[in-house]
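Listed in order, the protein sequences are those of chains Y and E.
Numbered according to this note's numbering, the first sequence spans residues 1 to 241.
Numbered according to this note's numbering, the second sequence spans residues 242 to 471.
Derived by calculation from the structure, the hints in this document are not laboratory data.
Beta carbons are placed, not taken as given, at the ideal position from N, Cα and C, and that holds for glycine.
One thing to keep in mind: the hints can contain errors.
[Said to hold, decoys possible] Pair by pair, the computed Cβ-Cβ distance ranges are:
1) Y:C115 / E:L316: 32 to 40 Å
2) Y:G139 / E:A459: 52 to 60 Å
3) E:T395 / Y:T5: 39 to 47 Å
4) E:P294 / Y:T5: 33 to 41 Å
5) E:P378 / Y:T5: 36 to 44 Å
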Amino acid sequence: MMRATPSDLPLALDGVCLRIGSTTVLDRLDLTITPGAPTLVVGPNGSGKTTLLRLCMQLVRPTEGRMSWGGRADAGQGRRAILFQKPVMLRRSAAANVCYALAQIGYPRHLRAACTHELLDRVGLADLAARPARHLSGGEQQRVALARALARQPEILLLDEPTASLDPAATLHVEEIIRTAAQSGTKIVMASHDLGQVRRLAGDVVFMVRGRVCEQATAVDFFDRPSTPEAAAFIRGDLVL
Amino acid sequence: MPESVDAWQLIAGGDATLFAIVRLSLAVSLSAVAIAVLVGLPLGALLALTRFPGRSAMIVVLNGFMGLPPVVVGLTVYLLLSRSGPLGEFGLLFTPAAMVIAQALLVLPIIAALARQTIEDLWSEYRDELTAMGVSPAGRVATLLWDSRFSLVTALLAGFGRAAAEVGTVMIVGGNIEGFTRTMTTTIALETSKGNLPLAMGLGIILIGIIIAINAAAWGLRLWSERRAG
Numbered sequence: 001m002m003r004a005t006p007s008d009l010p011l012a013l014d015g016v017c018l019r020i021g022s023t024t025v026l027d028r029l030d031l032t033i034t035p036g037a038p039t040l041v042v043g044p045n046g047s048g049k050t051t052l053l054r055l056c057m058q059l060v061r062p063t064e065g066r067m068s069w070g071g072r073a074d075a076g077q078g079r080r081a082i083l084f085q086k087p088v089m090l091r092r093s094a095a096a097n098v099c100y101a102l103a104q105i106g107y108p109r110h111l112r113a114a115c116t117h118e119l120l121d122r123v124g125l126a127d128l129a130a131r132p133a134r135h136l137s138g139g140e141q142q143r144v145a146l147a148r149a150l151a152r153q154p155e156i157l158l159l160d161e162p163t164a165s166l167d168p169a170a171t172l173h174v175e176e177i178i179r180t181a182a183q184s185g186t187k188i189v190m191a192s193h194d195l196g197q198v199r200r201l202a203g204d205v206v207f208m209v210r211g212r213v214c215e216q217a218t219a220v221d222f223f224d225r226p227s228t229p230e231a232a233a234f235i236r237g238d239l240v241l
Numbered sequence: 242m243p244e245s246v247d248a249w250q251l252i253a254g255g256d257a258t259l260f261a262i263v264r265l266s267l268a269v270s271l272s273a274v275a276i277a278v279l280v281g282l283p284l285g286a287l288l289a290l291t292r293f294p295g296r297s298a299m300i301v302v303l304n305g306f307m308g309l310p311p312v313v314v315g316l317t318v319y320l321l322l323s324r325s326g327p328l329g330e331f332g333l334l335f336t337p338a339a340m341v342i343a344q345a346l347l348v349l350p351i352i353a354a355l356a357r358q359t360i361e362d363l364w365s366e367y368r369d370e371l372t373a374m375g376v377s378p379a380g381r382v383a384t385l386l387w388d389s390r391f392s393l394v395t396a397l398l399a400g401f402g403r404a405a406a407e408v409g410t411v412m413i414v415g416g417n418i419e420g421f422t423r424t425m426t427t428t429i430a431l432e433t434s435k436g437n438l439p440l441a442m443g444l445g446i447i448l449i450g451i452i453i454a455i456n457a458a459a460w461g462l463r464l465w466s467e468r469r470a471g
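Modelling step: build the complete structure from the supplied sequences, incorporating the hints.
Written out as structure tokens, the structure reads:
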């Protein structure tokens with residue numbers, strides 16, 4: 001690690017609400033994210049998955065309730081990274097985008113080029129390193145952003161539907177990267193509404209509907225013994241509104 | 242038109258008076274733009290990235306000042322620099338330095354206002370990513386300035402065009418002294434009123450030529466770098 005930063009885990013939400021104007025985006029969330037297998041956040045559009053990830057990253061703050069990262073009320077500049085659903089590429093080459101993230105964590109200057117190459121190679125983009133990042137396809141940009149997130153050597157990696165714009169081959173590749181990261185000790189918190197993907201990756205599942213946590217269970221329990229009718233309907237493939 | 246033929250002869254013959262005037266004009270306007278950039282870019286970035294009471298009013302005033310009448314700026318600087326003015330002791334009135342100060346004041350709002358808009362737009366795009374990467378405030382400003390450099394060149398050009406083409410401020414604070422503070426625009430105004438049309442016309446042709454050449458260079462630079470950096 002580049003810096004001795006205190007752990008952000010467990011990440012706890014205690015009665016967290018988020019209201020924007022008169023809209024309640026998140027409603028009384030009680031949730032603890034602990035080290036271990038990937039946590040998949042599942043639910044229909046608008047259920048608050050993205051907002052939950054943004055809260056974990058401390059990009060927004062709750063209007064009510066308390067959050068804590070490893071017991072601290074302020075996360076500070078922890079070892080967290082987020083991959084947004086629509087990542088924004090800096091107006092530089094793919095390699096420069098990754099190198100920028102390395103610079104931000106204080107990675108030694110003379111090692112950045114090698115590390116950048118290694119990260120781009122990991123996401124299968126070593127050939128495109130010199131290309132302007134904004135000229136890459138959506139799927140390629142997604143993977144540059146994944147390399148950029150991995151560059152932070154995160155303890156918690158938050159992923160917002162990282163494979164939504166990828167084809168099956170690229171999806172498989174990205175899932176493999178995520179699995180490897182999880183096995184090497186990175187806590188994955190990932191939003192998805194692809195049930196196949198949830199089955200493939202999840203250690204436990206947080207099922208959200210309309211800004212509330214409807215169910216939190218291990219993946220096995222969630223799929224085999226859903227305890228709420230909404231979860232059962234969602235797993236069957238019925239439309240949950 | 243015999244005047245235009247004579248004008249081309251002056252240019253082609255490398256007329257010394259004419260080129261001394263061109264040199265002074267460029268030196269004054271480029272210096273003014275350089276000063277306006279040094280003050281205007283940080284000011285624009287500050288306005289784009291910070292929130293404070295009175296910010297909106299300041300942006301409105303800044304945008305409005307993009308259209309400042311040159312003669313009013315000239316008059317203000319004249320009063321400041323004249324013998325009895327607060328800065329009179331420096332004896333700058335009717336010198337090229339006074340012209341640089343006046344043009345810098347004229348150009349500053351253009352560069353600051355355009356930079357503010359550009360940086361604010363880019364910030365709304367970059368905010369989440371830069372915040373998530375833990376970029377420091379100084380790092381943010383540096384990143385935003387660097388990534389909007391091609392748009393900022395346009396702001397710089399707008400500023401230069403304004404400085405090179407205006408006649409009001411340099412006339413008032415420079416005094417149009419032959420061989421010392423006479424610029425292209427003041428010469429054109431003077432020579433036209435004297436009836437010396439070839440010189441006026443020659444300078445007009447050169448002035449337009451310079452502005453088009455600089456814009457063409459900037460355009461080329463922009464195309465080239467956008468291909469490289471996206």
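Verification of the supplied hints:
At about 59 Å, the beta-carbon gap between C115 (chain Y) and L316 (chain E) misses the expected band of 32 to 40 Å. Remark: the range hint 52 to 60 Å for G139 (chain Y) to A459 (chain E) is contradicted by a beta-carbon distance near 35 Å. A hinted range of 39 to 47 Å for the beta carbons of T395 (chain E) and T5 (chain Y) is consistent with their spacing of about 42 Å. Judged by the Cβ atoms, the range 33 to 41 Å given for P294 (chain E) and T5 (chain Y) holds: they are separated by roughly 36 Å.
Between P378 (chain E) and T5 (chain Y), the C-beta spacing of about 20 Å breaks the proposed range 36 to 44 Å.
The structure shown violates the earlier hints numbered 1, 2 and 5.
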